[in-house]
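S.K.: Put together the whole structure using the sequences plus the hints.
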Amino acid sequence: IGVLIKGSTPHFDYIADATTHGLMKVQLTAGAPVIFGVLTCNTKDQAEARAGIAPDSHNHGTDWADAALE
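Mind the numbering: the sequence shown is residues 1 to 70 in full-length UniProt numbering, read in order.
Pairwise CB distance ranges, derived in the manner of DEER restraints:
# : residue 1 : residue 2 : range
1 : G52       : G31       : 27 to 35 Å
2 : D66       : L28       : 18 to 26 Å
3 : I53       : T29       : 32 to 40 Å
4 : L69       : G22       : 21 to 29 Å
Simulated pairs of lysine-lysine, DSSO-like, Cα-Cα distance not exceeding 30 Å:
# : residue 1 : residue 2
5 : K44       : K6
6 : K25       : K44
7 : K6        : K25
Simulated from the structure, these hints should not be mistaken for laboratory data. Note that beta-carbon positions come from the ideal geometry of N, C-alpha and C, so glycine has one too.
M.R.: Dropping the structure here:
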């Protein structure tokens, strides 16, 4: 579970792409499902809302944990 918050450089795009490919490689190598539990957000407020920290927000981490237990 992680979060990437976009800054003012293209570094965000490189890290998001590398993370996606890395998790896919782990899944293929292990032969087992890997849950993509990474928030890619434009702002800290958006990340907090998606993490369930902000009032009246939804916790995507709970969704990922539930998926892992299914």
